[in-house]
Structures are given as structure tokens and as C-alpha cells.
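Undergrad: These protein sequences, in sequence, are chains A, B and C.
Here this note's numbering is used: the first residue of the first sequence is 33, the next is one more, and so on.
Here this note's numbering is used: the first residue of the second sequence is 2, the next is one more, and so on.
Here this note's numbering is used: the first residue of the third sequence is 138, the next is one more, and so on.
You may find that some hints are simply not true.
What the hints assert, rightly or not - Distance condition first, Cα-Cα at most 30 Å in a straight line; then the derived DSS-like pairs of lysine-lysine:
hint, chain 1, residue 1, chain 2, residue 2
1, B, 43, B, 301
2, A, 154, C, 367
3, B, 318, C, 325
4, A, 174, C, 325
5, C, 500, A, 51
6, C, 472, C, 500
7, C, 495, A, 170
8, A, 170, C, 325
Said to hold, decoys possible - So these bits of chain C aren't anywhere near chain B, every CB distance computed over 12 Å:
hint, residue
9, 168
10, 196
11, 380
12, 396
13, 516
14, 572
15, 600
Said to hold, decoys possible - If you only want the chain B side, here are some residues facing chain C, beta carbon under 8 Å, derived:
hint, residue
16, 37
17, 183
18, 186
19, 188
20, 190
21, 192
22, 196
23, 222
24, 225
25, 226
26, 337
Hints listed in this document are in silico derivations from the structure and should not be mistaken for laboratory results.
These figures come from a predicted structure and were not determined experimentally.
Note that beta-carbon positions come from the ideal geometry of N, C-alpha and C, so glycine has one too.
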Amino acid sequence: MATPLVEMRDISIAFGGIKAVDHASVEVYPGEVMGLLGHNGAGKSTLIKILSGAYRRDQGKIFVNGEEAHIENPRDAKDYGIETIYQTLALADNVDAAANLFLGREIMTGWGTLDDAAMEAKAREVMGRLNPNFRRFKEPVKSLSGGQRQSVAIARAILFEARILIMDEPTAALGPQETAQVGELIKQLKADGIGIFLISHDIHDVFDLADRVCVMKNGQVVGTAKTTDVTKDEVLGMIILGKCPPGAVPGPGAMAAAA
Amino acid sequence: MKKFATAILAGVAMTMALSTVAEAAGKTIAVSWKTFQEERWKTDEAAIKAAVEAAGDSYISTDAQGSAQKQAADIEGLISQRPDVILVVAFDSDAILPSIKAISDAGIKSIAYDVQFEDPNALYITFDNIGVGRIMAEEILKVQPEGNYAFIKGDKGDPNATFLFQGMMEVLKPSLDSGKIKNVCETFTDGWKPDNAQRNMEQCLTSTDNKVDAVLSENDGMASGVVAALEAQGLAGTVPVTGQDGDKAAINRVALGTQTVSVWKNSTDLGKVAAEAAIALANGDDVSSIKGVAKFSGGKNGVEMDSILLAPTPITKDNIDVAIEAGHITKEEACAGVKAGSVPACG
Amino acid sequence: MSKESASTPAAAPTKPLLSRFLAATEIDTRMLGMVAALFAIWCAFDIYSGFLRPNTGLFGGAFLTPRNLWTLLVQTSSIAVMTTGMVLVIVMRHIDLSVGSMLSLVAVAGAVLQVFILGPAIGVGHPAIWIAAVAACLVLGTLIGAMNGFLTAYAQIPAFIVTLGGLIAYSGVAFLLASGVTIAPMDKTYKIIGGGVPESWLGPTWSWALAFVACALIILAVANGRRQRKRFGFQMRPVWAEAVLATIGSAAVLGTTAVLTSYPWPFGLIRQYAADNDVTIPEGVENVNGDAICMAADRIVRCTEGLIYYTGYAAPVLVALAVGAAMSFIATRTKFGRYVYAIGGNPEAAELAGINTKMMTVKVFALMGFLVGVSSIIASARLDAATNALGQLNELFVIASAVIGGTSLAGGIGTIYGALLGALMMQSIQSGMALLNLPAAFQNIVVGTVLVFAVFVDQLYRRRVK
Numbered sequence: 033m034a035t036p037l038v039e040m041r042d043i044s045i046a047f048g049g050i051k052a053v054d055h056a057s058v059e060v061y062p063g064e065v066m067g068l069l070g071h072n073g074a075g076k077s078t079l080i081k082i083l084s085g086a087y088r089r090d091q092g093k094i095f096v097n098g099e100e101a102h103i104e105n106p107r108d109a110k111d112y113g114i115e116t117i118y119q120t121l122a123l124a125d126n127v128d129a130a131a132n133l134f135l136g137r138e139i140m141t142g143w144g145t146l147d148d149a150a151m152e153a154k155a156r157e158v159m160g161r162l163n164p165n166f167r168r169f170k171e172p173v174k175s176l177s178g179g180q181r182q183s184v185a186i187a188r189a190i191l192f193e194a195r196i197l198i199m200d201e202p203t204a205a206l207g208p209q210e211t212a213q214v215g216e217l218i219k220q221l222k223a224d225g226i227g228i229f230l231i232s233h234d235i236h237d238v239f240d241l242a243d244r245v246c247v248m249k250n251g252q253v254v255g256t257a258k259t260t261d262v263t264k265d266e267v268l269g270m271i272i273l274g275k276c277p278p279g280a281v282p283g284p285g286a287m288a289a290a291a
Numbered sequence: 002m003k004k005f006a007t008a009i010l011a012g013v014a015m016t017m018a019l020s021t022v023a024e025a026a027g028k029t030i031a032v033s034w035k036t037f038q039e040e041r042w043k044t045d046e047a048a049i050k051a052a053v054e055a056a057g058d059s060y061i062s063t064d065a066q067g068s069a070q071k072q073a074a075d076i077e078g079l080i081s082q083r084p085d086v087i088l089v090v091a092f093d094s095d096a097i098l099p100s101i102k103a104i105s106d107a108g109i110k111s112i113a114y115d116v117q118f119e120d121p122n123a124l125y126i127t128f129d130n131i132g133v134g135r136i137m138a139e140e141i142l143k144v145q146p147e148g149n150y151a152f153i154k155g156d157k158g159d160p161n162a163t164f165l166f167q168g169m170m171e172v173l174k175p176s177l178d179s180g181k182i183k184n185v186c187e188t189f190t191d192g193w194k195p196d197n198a199q200r201n202m203e204q205c206l207t208s209t210d211n212k213v214d215a216v217l218s219e220n221d222g223m224a225s226g227v228v229a230a231l232e233a234q235g236l237a238g239t240v241p242v243t244g245q246d247g248d249k250a251a252i253n254r255v256a257l258g259t260q261t262v263s264v265w266k267n268s269t270d271l272g273k274v275a276a277e278a279a280i281a282l283a284n285g286d287d288v289s290s291i292k293g294v295a296k297f298s299g300g301k302n303g304v305e306m307d308s309i310l311l312a313p314t315p316i317t318k319d320n321i322d323v324a325i326e327a328g329h330i331t332k333e334e335a336c337a338g339v340k341a342g343s344v345p346a347c348g
Numbered sequence: 138m139s140k141e142s143a144s145t146p147a148a149a150p151t152k153p154l155l156s157r158f159l160a161a162t163e164i165d166t167r168m169l170g171m172v173a174a175l176f177a178i179w180c181a182f183d184i185y186s187g188f189l190r191p192n193t194g195l196f197g198g199a200f201l202t203p204r205n206l207w208t209l210l211v212q213t214s215s216i217a218v219m220t221t222g223m224v225l226v227i228v229m230r231h232i233d234l235s236v237g238s239m240l241s242l243v244a245v246a247g248a249v250l251q252v253f254i255l256g257p258a259i260g261v262g263h264p265a266i267w268i269a270a271v272a273a274c275l276v277l278g279t280l281i282g283a284m285n286g287f288l289t290a291y292a293q294i295p296a297f298i299v300t301l302g303g304l305i306a307y308s309g310v311a312f313l314l315a316s317g318v319t320i321a322p323m324d325k326t327y328k329i330i331g332g333g334v335p336e337s338w339l340g341p342t343w344s345w346a347l348a349f350v351a352c353a354l355i356i357l358a359v360a361n362g363r364r365q366r367k368r369f370g371f372q373m374r375p376v377w378a379e380a381v382l383a384t385i386g387s388a389a390v391l392g393t394t395a396v397l398t399s400y401p402w403p404f405g406l407i408r409q410y411a412a413d414n415d416v417t418i419p420e421g422v423e424n425v426n427g428d429a430i431c432m433a434a435d436r437i438v439r440c441t442e443g444l445i446y447y448t449g450y451a452a453p454v455l456v457a458l459a460v461g462a463a464m465s466f467i468a469t470r471t472k473f474g475r476y477v478y479a480i481g482g483n484p485e486a487a488e489l490a491g492i493n494t495k496m497m498t499v500k501v502f503a504l505m506g507f508l509v510g511v512s513s514i515i516a517s518a519r520l521d522a523a524t525n526a527l528g529q530l531n532e533l534f535v536i537a538s539a540v541i542g543g544t545s546l547a548g549g550i551g552t553i554y555g556a557l558l559g560a561l562m563m564q565s566i567q568s569g570m571a572l573l574n575l576p577a578a579f580q581n582i583v584v585g586t587v588l589v590f591a592v593f594v595d596q597l598y599r600r601r602v603k
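With the sequences and hints as input, model every part of the structure.
TA: Given below as C-alpha cells:
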């Protein structure tokens, strides 16, 4: 197969002696959706925060397009085209949608001042694609509904032509209709050749959208499998028991008996 | 553990050394200071120490660092060193009383230095505080016997602000009653702060349309604010202003003519008088034989006690040399910016 | 898709005229309320003071006179400058309790430098003295502020504790630096910044020139905003609303200028100036209530038609206005300001967006310190002296002004202009009561009550707007 778009190899991180992530490896290819599954506290969010630069790993390497990447903070990650939509949405509640979309990467005028009009115009364009009904550009995002906030968060991630998109529980705060819309969006992004990490503790959210799944338990990778090679029940077994089925490639966290 | 033992040994050695010194050099005069946070106490201490050592006696002291509790402990410590007289600058004039009784019980004489505590056995030495207000009023009446007077008083929580005002009123009452002078503004000043005094003076000038003929400011710091407010109206130098403390900047203003008088309580004098009184008491002299001693009962509870009340010095244009000769201020500081020939002391 | 997103057309035509007007002009109604309250307070003071002692004010009192309003602005300057910085500190979810003590320390340090060190060394009045003193105050303030910020951001001590420590410690340093004495007088040129001498008054000609420049900038800003929105084809305000905004802004500037330029120099200063500059004083008839001076039978007297000068903007007011404009610009038009607000709204989100929040904390505190430096210059120049008592408790007034001006202690919300209005309101109350000769204790009660009441009204307002 081709070079992975991004590869995290043998990553470990510990917080106060507790190994949150323990020798985990995972990769995603262009146009692929990789589902990261596991219980709350399995280490999937921590692993992905290392990729997005929020945490600094203790050990391991990250490769982007086969070349070693140096990611020390969120800005570094963005420079590699890695964008993240956090579980907590991570929006500044008190400023408007455009300010959130461009936070940290503002458009400036020739005078070195903020070009709010240009940012609003771009925001309108992007939001128009995601959520055509959205009109509340002048209000702080605090006053928006969960779905509207989610579309702002997604818009922010795709605004800067991300190559790798990390979505941490993207549908947790949404109703069924909005969830379906996010699904459509993911398919669209996939078609554009973007590699996506989709993180969830709920297998149903992920199974239909993902090309492959990677299951984590206690900070270790149980196994990785194509969604076509395993059943939902088998994946549930991986999540709950750490039992790696025959269709999956076992990781260091797989139960010894199964290996 | 070993360190601890060494420390104890060192402490014992030091105490022994101290007591040997005390016996060798005749009498011992002790002072319990309330704080050294304010500049002036260093001046007092220097004066007392110099007088005591000049008499061949020895000086010991403690600093209560602004705590009534620490001061009580300090005095216990001083008593155990058996001095002949203890001078006390009380941090809290009520809380100190049990300690003063302990001093008497140990057969040691006590002196209330500058701050009164009402114990009939103690000698109280201070400046005549009500007199300060009186002197201010007298000095201002000399130059401006009639017209509109403004009163910039100190902080409302400080009894001294009221004492000073009482002193002023004693002198001004006849003129106020006869209508020769009129009280047009009278304000307390939060925290005795010069910037507050400046604002109060500005508002006083606004409300009276500058019709103010004299300003009685209760200290020099506030006088600086008053003079700044007058200056902005082109009135500095024409409207007399009072103050007290003998601040260097205020003495300079007196020389420049923008302030009329700064009533100065010369701490060196106070320290010297107190040290001499202490030495006399240590030598067994009777209180009544000390120069200047009189009965005083003007305290909060009216307890009658022996006292020496020193008269403060009004510093005006004509006697700035007094402060210069006392080493309180240099001629350069006092005369900065003064036109030649306008002030005697500046030449 | 969701209901609320569809229901936000600007203003339905059925709404009453006032709300249509407010919607079209996008005026901050909260600010409108504050301005109204301020005017109400002013009028009340004027009426009451006129009742005690008639004067030339709008309602026969001494408050709404050019002189008092002029003084009021000068008195507000020092606090106003610090308030603009405090808004950003509070917006970032921090607090700076040390500004008052820091002001003492910086003012005393600047005074020690000019009076004790440079004066004797290079001669009193040397032009380098005031420049060195100003620079020293600004640098020292910035450094102390940066230290506060560093301890908060990198040593991760809460700002409340760091600056509470500063509140206690800096005043001690100020005391030791000057051994507790008052240092005076300041350098003659330095003093100009304080506004107490004629050299620091702009005069009518320059005041009006400045006012017209300000009006031109306001109109330009409105036009530019419109052009920007046109560029991207956004919905625009109606032309009449733009015109109303430009007119209100210009009227405020021109009105202020008219008031300030109608305050004449004090009588004594006119006479002094005439004597120093050999100005011929015209003949005239004596009138003790006049503001001008005349020659009447070889005697200089007060009169109504004669030699007269007017003050106009005073230096500290100009400094405060310039700081206010610059800080508004920083808060709303620069990345720095945007980040301050974003951090206040959600520090984690800002961090994840790649903003160096720790460095931002250091910078905001350093900016606060710089502004304290500016204020210390104004305060000591105005008093013509520096002491360790100068500035004490100012932190309370600075924080109160910011809060009255609508800054939320929870962070994320606050405007510079609101805080400036807050500072003006606090000072109006204090000065007004001093004018009425009310006891200091009573002043404290009223100021405290107003603070709590203002926040209460603000809460009601916010809840209703929601």
C-alpha cells in the first residue's frame, strides 16, 4: 500500500506514573476514515491530542507523508495540515463565529489590523456550504445552538485546507438530523482525499463511516481491522474484553490467549 | 539536634555577655519601640542612644514591628534583663497597660515615650499635640487676620485630626464669632493622602469661586496637595497654607513662599529630653525634680500622670536656619529654587 | 435547519420607533444607559450645589460649569488610564490588585531620579531630566507588570495572590526608596504633564483643531466601515443611521471642546502671564466677577471685557484620551486584543488554537504596568510631589471603574469606552460630594453603594437581553 498520510509509531505518554498511552501505533491513509474506539479513559483522546499538539509525547515518533514530523504544540500540528475538532468544541464563547473560525490565523489588512469584513466574508462562504441556514454571524457563539456551534467547529477545521482531520466525538452534542449531516460532510471530505481520525466510545457512530477501526484499551492498542473484515460484535469484544478476532491485526494490548 | 543545642548555647552565652555589659557600665536604659516602619523613629533612637551612651550608661532595645502581642513579649524580655528604666513607645495604648504594670511590679521605672498610656506611675514625654493646632492657627492669623478660611483635616479615623482642629478652634473662635473670619470649607481627608487633599482643595476653590484667603492643612503631605491646587489657580504664594511634620519638601515650600508654616516636632529634642529624664530616674532622682515635669490629665480616661510636654517649633521663612542647624535638612534641600535674598537662611 | 437561526431579521417593522432606531444604528444600549445615568448624576449635583450656594452652572449650581467639568476630567485622567489596562486584565480572567502600590513605587522612583539624582548631577531644570524620568517610569512600570504576569503565567500563582503580594510589597519598596518622605518639587517640564500649569493647556485654537481632526476621523471611520461591508456585499445600515452615528460622535467631541475652551485661565495666572510676556493690558471698567483683566487707573483689576485666555484640553486629559483611543484600537482591531478576548472566553480553546496564552498573560500584565507608569507620571506631575501615599487604594477605584463600565469579573466581556465612562462616573460622584462639602465617610458610603447598585443593574440588563 501507499505511504500513510500520517503515522504515529510506538507512542507513549504518562501522567504522574500512570501510562495513559502505552506503545500505541496507528496510521491513516489519504481519503480514509480511521475509527478510534475504546471506553472512556482507554487513551484514544490522549493519543490524538499528542497528534494535535495539545500534549507532548514521552516516547515515539510521528510521520507525515513518510517524513518524521516535529509536533510540539498546536501551531506545529496546524502547520502539517492537522486540524482537530475537540469533544468540548473548544470555541471562545464570547466572540462571534468569524472570530472563532480564524482564531490564531486572522486575516490582516495591509495596515496590520484585523480585517473583520474579509474574515466574515470567508466565514459566510464556508458556513454556507456546511449549514446554509446559518445567519447569526454577529453574535457571540455562546448564544448559538449545539448544532450551530458544531458547524462552527467543523468549519474552523476545514477552513484552512486540512489534510488530516481529527474529530473527537463530533456528534455527541447533536440530534439525529444534525448527526446525519455530519456523516454527509465526512463523506465529502473523504472524497477530497483528506485522512480522518474519528474518535468515539460508541461503535454505532463509527462503524458505518469508518474504513478501518483501531480499538484501544487501557492505553494499549488491542487491534486494527478493516470494517469489512470484522463484525460489530467482534469489535465490541475487542472494546470490552480486549479479545482480537481473526480478521484483525493484533496490537500489544490484545489478550494473550487470542494472539 | 546538634545544631539546636549549639543555638541554645549561643543564646545563653549572649545573654550572659549582655548582663555582664550591663553591670559593667552602670545603669541600663531600655526602649521598647512599636515599629521602625516610619522614618522618624530612627531619628528618635539615634538621639536617645547618643545621650545614654554619653552618660556612660548602656542602651538596649526591641522592635515590636507593629504588633501589640510582640510588644508584650518584648517587654517581658526587657524586664528579665533588669534595666533601670524602660521607655515604651506603645503600639496600642490600652493593650500595653498589663505590661506597664509588670514593669512597675519588677521595680523598674517606666516612661511613655510620645504615645500616651494611662498609668499613674509612668512619666509621659511628648510634644504638645493640641498645641500644634494652636500654633498653626496663630501663625496664620499673623499673616491673614480675616477672610475666608478653608480647613483640610486629616483622616476621620485618627483622633489627632480632631485634636489639631480643636487646637485651631481655641485660637480662631473669637474671630469666627465676630465674623472676621469665615469657615468656607471643612473636610476630612481619607488616609491623610495628598492627592485626596488636592481634590478636596480643588472642589473647595470651585465651590467658592477661588474666594479662599487661608488654608489650614493639618500636615505637610496634605499641604503639598493644597499648594498644587492653589498653583493651578494662580493662587500659590498669595494664600497662606499651614502644615506640620517639618517634611523636607514642606520646608522648601516655606522657603519658596508657597507654604506659610510647617510646625516641626524635633524628634532629636524629644529623644534627648527623654533620655535625660530616664538617666535621672535611673540615678534615683525624684520625678518632680526633673526639669519641665508637670501634671497632665488630658488623656482618654483623664488619669493624672507626670508629664513633660515639649513645645513644637513653627518653621517659617524667618527661622529655617533652626532646622538646618539641627541637621534635619541641608541648606541645599531647604533653599532649592529660592531667589537669592528672599529668605534669610538661604542667603 | 434549527429554528432560531432563521428568526433574526434586523428589525421587524412593527416594533416601536426607538427600538428600530437602536437596531438600525447598532448603538450599545448599555452605554446609552450609562451616559444617561452620568448626566442625571451631574444634573443632581448641579441642582443641589446651586441650592447651597448659587453659581453659574446649567441649573444654577457649581457642578455643570466649564471650570468644574474641566477639573473633573483632569481629576479622572490618572484612574482612567489605568482602567483601560484593567479591562484587558479582567477580560483575561485575571485581576491586578497591585496597581495602586505600583503607582506609588513608580512615582517615587521617578521622583527620586529627577529630584535626588539627576537634579544635583546635571542641574535642576535640565531638559534631559523630564525625559529620563518619564522613560524611567514607563520602563519600571512595564517591568513590574511583566514580573506580575510572569509569576502568574509561568510560576502558575493565581494573579489574585501575585498582585495581592504586590499590593503589600510595592508600597514597602516605595517607602524604603524615599525613606518615607515627600519628594518635591518635580521638574518644571515634567510638571506640564500634570495639567496644573498654563503650559499644559492646549488653548482654544489647538483644541478646536484637534476636535475637527477627531470629527474627520469619526466620519472617516463610519465611511470606511460602510465601504468594507460594501466590498463583500454585506447587509448595510441605512444611510440615515450612519449619518446619525457620525453626527452623535462629532457632536460629543465638539460639545466637549466647547465646554473646555470656555473655561478661562484663573485671574492670577492671566496677570502673571501678562507681566512675564509684556502683554499690554487693555483699559477697562472694574467688575469683580469678571474673568478678564483690565487696567483701571494704573491698577490691574478684574473685568468682563479685557485680556483673557481660555484653557482648552489639559495635558493629562489628552494623555488619557490618547490612551483610551489606543487601547480601544488594540482591543478591537489587533490580533493581540482578539486573543485577549478569546482567552477570556475559553482559555483552553485559545491554547488549542495555537495562541501562546502564557506569553499573552505576561504581555497583558506588562501593558497594565506600562499604563500604571503613565498614570504615575500624571499623578506625581499633577501633585507636583511624590510620596508613598500617592496612589494607595487606587486599585479599588480602578477595578470599580472597570466593573461599573460593564467589565465582567468572570472574564471575556468588557469595553474600553465603558470603563472610561465608569471612571468618569466614580470621579463625578467623589468630586461632586467634595463640592457639596459632604463628610468623607458619607462619600465612601455613596461610592460603595453605587458600585454594588451598578453591577446589580448590569445583571438585570444582561438577563433581559438574553
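Undergrad: Going through the numbered hints above, which ones does this structure break? Give me the numbers in ascending order.
TA: Numbers 4, 5, 8, 13, 14, 16, 17, in rising order.
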